[in-house]
Amino acid sequence: MIDYLMDSAYVKSLPYLWEGIQLTLYITIVGLFLGFIMGAIAGLGRLSKVSILRWISTVYVEVVRGTPILAQVLFIYYGLTAINIGEITAAIIAITMNAGAYIAEIVRGAVYSIDKGQGEAGRAIGLTERQTMRYIIWPQAFKRMIPPLGNQFIISLKDTSLFSVIAVGEVLYMAKQYYNTTFEIFETLIMVCIFYLIITIPTSIILRRVERKLDV
Amino acid sequence: MIKVRDLHKSFGDLEVLKGIDAQVNEQEVVCVIGPSGSGKSTFLRCLNLLEEVTSGEVIIDGDVITDSRVDINEIRSQVGMVFQHFNLFPHKTVLENITLGPIKVKGMYEEQAKDVAIPLLEKVGLSDKADAYPDSLSGGQKQRVAIARSLAMNPKVMLFDEPTSALDPELVGDVLQVMKDLAEEGMTMVVVTHEMGFAKEVGDRVLFMDEGIIMEEGNPKQIFDNPQNPRTQSFLSKIL
Ligand SMILES: Nc1ncnc2c1ncn2[C@@H]1O[C@H](COP(=O)(O)OP(=O)(O)OP(=O)(O)O)[C@@H](O)[C@H]1O
Ligand SMILES: [Mg+2]
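These protein sequence lines are chains A and B, in that order.
Numbering-wise, the first sequence is residues 1 to 216 according to the UniProt record's numbering.
Numbering-wise, the second sequence is residues 1 to 240 according to the UniProt record's numbering.
Misleading hints may appear alongside valid ones.
[Unchecked claim] In the DSSO-like style, the derived pairs of lysine-lysine whose C-alpha atoms are separated by at most 27 Å in a straight line are:
no.	chain 1	residue 1	chain 2	residue 2
1	A	K143	B	K129
2	A	K158	A	K116
3	A	K116	B	K238
4	B	K123	B	K92
5	A	K143	B	K123
6	B	K156	A	K116
7	A	K116	B	K92
[Said to hold, decoys possible] Label pairs and their computed distance ranges (CB to CB):
no.	chain 1	residue 1	chain 2	residue 2	range
8	B	K106	A	R208	38 to 48 Å
9	B	G62	A	T58	43 to 53 Å
10	B	A166	A	K143	23 to 33 Å
[Stated by the list, open to error] Where chain A lies over chain B, by a calculated footprint (3+ residues, C-beta under 8 Å):
no.	region
11	2–9
12	77–85
13	88–96
In case anyone wonders, no lab produced these hints; they're calculated from the structure.
Note that beta-carbon positions come from the ideal geometry of N, C-alpha and C, so glycine has one too.
Only chain B is shown next, with the shape it has when bound in the complex (with noise of 0.2 Å):
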């Protein structure tokens, strides 16, 4: 589903990625750790071009989506993201962040728009807050109108950065509860986390990337209780 080659950003001077080469298969869940300014975001982002890449080759579902002649827009409504902060916005209801996209990148209805968000929300668990304003939610349940807001463009993949570290605790769970359905009904994901009992138990597969690089790769029980290389030693040790 998503092919990354020699994948290299440099922002100025400073190289952050420094020669990626990844693979998402379909229905595939990859989670990413590593330290703090290793670059995971900064992956992430290439990936539906939100960071324009230096160099390399990004293909998803065949499409070489770092080919300039590609329509990035085309590209990146296929391509659910969801951030930390989850982005809703604020002068737009719940139904209005959900029906946006459908709306002005797909071109239905309204009302076909609704029939779209409203399902979705009721997947999120939040259909009693479709008329509600983003400021009269918590943070989990903003960030599970982020989800269906992505969902509402039925992406091929989704992928999310961090989309729990900026949850009070007792929020996260229902967050990652999301996230697990939703991996469970086979969507290709890509989840950059710090919530390492949902990378062992719902993630095929775990990227260590550490200085810009792939540092070690395998599925999670590998990763976790068997790592390899002594970066990944020392980082399990730190956060476990």
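Only chain A is shown next, with the shape it has when bound in the complex (with noise of 0.2 Å):
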């Protein structure tokens, strides 16, 4: 029993997906921890008072969210090989600005939903407006961010399988070479396909208890 299931094929084509799966996720980890930047950096940029930033945030939004990402990504490596950046930098600086966008509208929305009360009342004991944000409607609005950071995660890293389109050894490119050679390609998809459920729906039952809680 032990030797068939170490024989069947979708035990065999783990160790060459492991590696794909390793890269999957450090694009995603990295290019998220990067978009959530980006994205903190945008969403404030729509509610600023200066118009400018205002401007540059909204067109970058609006860009990018109307933009298909396969064609971002196609971009961003074709755009940027001029200076000879690799495949994989390529990957999470498209995860990172695609995020980013996202994110940012995640973080205007918590934002925007703290009441206004909360601002006035830290300007009123003589807070300055940085300091207002900081120590009051940022740490409250996080909270409210956290379970659509969560939903941005899955799809992030579903998204990085658009990445074997140029190259980048992710999971699913991984698995494409692999089947193309022992043409094993069920096998080898269902595997992938439970890599990706095994991070996905965990990260579903996690963030649905957080939502809970921070209802509550």
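Put the two chains together into one complex; each comes in its own frame, and the hints tell you how they fit.
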């Protein structure tokens, strides 16, 4: 039984896929981390009193949200090959820019949802606008960002599969390479999907718990 | 202490304050009454520049705060404000709500700030709630914490915008008592209120506002027992 399992097409694909799994997680985590910084800047930019900041942020968000991510990936890859960046760097930039735009909307919505009275109370005791944001608005808004950020994590994780078109060795790309030689297409793809589900389902469950907790 | 000269405030095309002249002397308690929408809150919010004034002058303790060169944050730290809906910081404990200003604005150490906060909590009768979060407090307790939070900045003036309107009737008394104590200690106060009892008992002067101007002012006795302006008469007959 054990021998049979170890010998099956499913298990045999694993060592090969493992490399891709690592890269997928690496791109997702680094990309989302940078994307959060990008999104925080653009999200606060959209709420800024300075019209040029508002304008730049809005254009960025609308362009990214209004175009397919695959086009963005190719754009960044071919656009930046001139300066000779590797495809992994291109992938990280693509996730950063793409997730950043969606996170900007998450940040904007969360900050906007905090009662105006909070900011006024902060200003009334003499805090500067920055201090009010930092000590009063942001901590409350950040809590509200957690569920949608988790959601964005799931989306970006799946989006990394698009990088197979620029030969980034993420999990789907590795799967293709593997089944092109073994022809065990379905077995390999099932393993790929199982990998995604192992990450996404627990994330969803945790998110729902967090959401319920934040609600009360 | 406060001088207001020909204060105008518009929101877009809507002129809400149409030329207010007023004065609040040191240690005086001035109550502002008037119908809904008459501009009472807007007037109060102009006194600590939570609203940008359209024209006119506000002078607090000799500083022309409407001058664009003044440090707004510095001014605000000297003018306490208590809101109708308390606006406590829900992610901070009662003690942290009170010490935030002293620490971040006045640059106190945490220990110093605590030494300021704890007597204030005692004063508003909530020493046992220092480590509680605002969500676990009743409305009346929240408002008393909010008062303590303002007092922690050691303000020259306290502004109150309908501090008891959001409270259940049985909780109003405790908050009014704290305000009364403050008045007796000589705090300069401007209070927008619907509590005519408080205005009569504690107020030194009452301003009646309607349609963006001060229609009538005088001591509580004059305003409540012998109002001259027909608008004041009709307002008072509706609410008393
Ligand atoms: N930020 C704002 N933008 C536009 N209009 C405003 C704004 N704030 C207040 N107003 C308008 O100004 C007028 C006066 O409002 P204000 O809140 O000062 O009245 P009030 O006397 O405090 O009334 P209430 O007793 O209901 O609190 C109202 O018509 C209100 O709609
Ligand atoms: Mg009001």
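Straight-line Cα separation of K158 of chain A and K116 of chain A no greater than 27 Å? Violated, at about 37 Å.
CA of K116 of chain A to CA of K92 of chain B, is that 27 Å or under? holds (17 Å)
Just to be careful, I want the Cα atoms of K143 of chain A and K129 of chain B compared with a cutoff of 27 Å; is the pair within it? Holds. K143 of chain A to K129 of chain B sits at ~24 Å (cutoff 27 Å).
For the pair supplied as a hint, K156 of chain B and K116 of chain A, is the alpha-carbon distance within the 27 Å limit? Judged against 27 Å, a Cα distance of about 25 Å means the pair holds.
Is the gap between the beta carbons of A166 of chain B and K143 of chain A within 23 to 33 Å? holds (24 Å)
Given the hinted pair K123 of chain B and K92 of chain B, is their alpha-carbon gap at most 27 Å? holds (20 Å)
Are G62 of chain B and T58 of chain A spaced within 43 to 53 Å by their CB atoms? The hinted range 43 to 53 Å holds for G62 of chain B and T58 of chain A, with Cβ atoms some 44 Å apart.
At a Cβ distance under 8 Å, does chain A reach at least three residues of the region 88–96 of chain B? Holds, because 4 residues of the region 88–96 of chain B bring their Cβ atoms closer than 8 Å to Cβ atoms of chain A.
Evaluate the given range 38 to 48 Å for the C-beta pair formed by K106 of chain B and R208 of chain A. Cβ of K106 of chain B to Cβ of R208 of chain A: about 43 Å, so the range 38 to 48 Å holds.
Would you check the hint for K116 of chain A and K238 of chain B, treating anything up to 27 Å between C-alpha atoms as holding? With a Cα-Cα distance of about 32 Å, the restraint between K116 of chain A and K238 of chain B is violated, given a limit of 27 Å.
Do three or more residues from the region 2–9 of chain B put their C-beta atoms closer than 8 Å to C-beta atoms of chain A? Violated: only 0 residues of the region 2–9 of chain B have a Cβ under 8 Å from chain A.
Straight-line Cα separation of K143 of chain A and K123 of chain B no greater than 27 Å? violated (33 Å)
Checked against the numbered hints given earlier, this structure breaks hints 2, 3, 5 and 11; the rest are met.
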